[in-house]
Amino acid sequence: MGICSERFITPVPEFLVCPVCFDVLDDPHAVCKEEHTYCKTCVGNANDGCPTCRAPRDPRPAIHLGRIIGEFELTCVNKEQGCPWTGPVSNEKEHGLGCIYRDVACPNSVFGCDVKVQSRNLATHVSNECKHETAECPRGGVDCGGPGRGRYQRSAAKAHDDVCLKWKCRVTRECATTGKHTNPAAGTYTAGFKP
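Counting along the sequence shown from 1, when you hit position 51 you're at 51 in the numbering used here, and nothing is skipped either side.
Just so you know, these hints were derived from the structure itself, not from any lab.
Glycine is no exception: its CB is placed at the ideal position from the N, C-alpha and C atoms.
Treat the hints with care, as some may be off.
[Said to hold, decoys possible] Subject to a maximum C-alpha distance of 30 Å in a straight line, what follows is the list of computed DSS-like cross-link-like pairs (lysine-lysine):
no.	residue 1	residue 2
1	K93	K116
2	K116	K131
3	K116	K158
4	K93	K79
5	K40	K93
6	K79	K116
7	K79	K40
8	K131	K158
[Claimed, not checked] What follows is a set of in silico ranges between Cβ atoms, one per label pair, in the way DEER data are often shown:
no.	residue 1	residue 2	range
9	E71	S155	44 to 54 Å
10	G98	R54	37 to 47 Å
11	F22	R67	14 to 24 Å
When you get a sec, could you build the whole thing from the sequences and use the hints?
Next up, the structure:
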């Protein structure tokens with residue numbers, strides 16, 4: 001598959017268009033002695049020799065055509081998502097790696113989040129929206145009495161609280177503090193407090 005011709009700022013000459021996919025050559029390869037040229041991925045689909053003249057296949061990179069194509073200006077593949085970038089084909093890969101309009105998977109996909117968001121919105125998704133992001137127990141962190149040593153997924157907050165809130169302070173009856181950290185072992189007290 002080539003590069004969509006609609007993305008180019010100026011029209012690309014016909015000799016730079018792949019005769020298999022009809023897009024602009026992407027990683028052009030000459031297939032036969034006649035120098036018939038196709039996209040590298042399209043060459044792989046040509047099993048019976050050169051698709052144009054049927055001569056035996058001898059694919060090799062058409063470096064000169066790649067350099068010519070590399071100078072043409074095009075828009076970002078994420079233009080419809082709002083990316084204003086335009087630049088030469090030779091810079092497209094570098095731009096694409098850092099394009100804030102590209103879709104990326106949530107880093108919590110290993111925990112079950114199947115959301116894809118634009119790179120520029122990823123931090124907001126993770127910190128405010130992702131139910132699979134882990135949170136630290138506000139009642140004790142790693143000393144919390146709930147499961148997960150004080151860390152839990154947002155989607156499991158209620159289950160965490162059901163266990164954690166059962167840990168009540170035993171030092172005084174009036175204390176409303178909850179969480180395991182409020183239950184000192186015998187002979188230890190919080191910040192100099194002794195009953």
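**Request:** Take the C-alpha atoms of K93 and K116, compute the straight-line distance between them, and say whether it is at most 30 Å.
**Result:** 21 Å, holds
**Message:** Given the hinted pair K131 and K158, is their Cα-Cα distance within 30 Å?
**Reply:** Roughly 12 Å separates the two Cα atoms, so the pair holds.
**Request:** Verify the proposed pairing of K116 with K158, using a straight-line Cα cut of 30 Å.
**Result:** 26 Å, holds
**Prompt:** Taking only the CA atoms, is the gap from K79 to K40 under or equal to 30 Å?
**Reply:** Holds - the C-alpha atoms of K40 and K79 are around 25 Å apart, at most 30 Å.
**Pair hint K93 and K79, alpha-carbon separation not exceeding 30 Å** = Satisfied, since the Cα-Cα distance of roughly 15 Å is no more than 30 Å.
**Message:** Taking 14 to 24 Å as the stated bounds, is the beta-carbon spacing between F22 and R67 within them?
**Reply:** Holds, since F22 and R67 (Cβ atoms, about 22 Å apart) stay within the stated range.
**Item:** Hinted pair K40 and K93, Cα distance within 30 Å
**Value:** Answer holds: K40 to K93 is near 17 Å, not above 30 Å.
**Asked** Hey, K79 versus K116, does the alpha-carbon distance stay inside 30 Å?
**Response** Since the Cα atoms of K79 and K116 sit roughly 17 Å apart, the hinted pair holds (cutoff 30 Å).
**Prompt:** Taking 37 to 47 Å as the hint, is the beta-carbon distance of G98 and R54 inside that range?
**Reply:** At roughly 44 Å between Cβ atoms, R54 and G98 fall inside 37 to 47 Å, so the hint holds.
**Prompt:** Cβ-Cβ distance between E71 and S155: within 44 to 54 Å?
**Reply:** Because 50 Å falls inside the window, the suggested range holds.
**Prompt:** Going straight from one Cα to the other, do K116 and K131 come out at no more than 30 Å?
**Reply:** Status holds; Cα separation ~14 Å.
Checked against the numbered hints given earlier, this structure breaks none of them.
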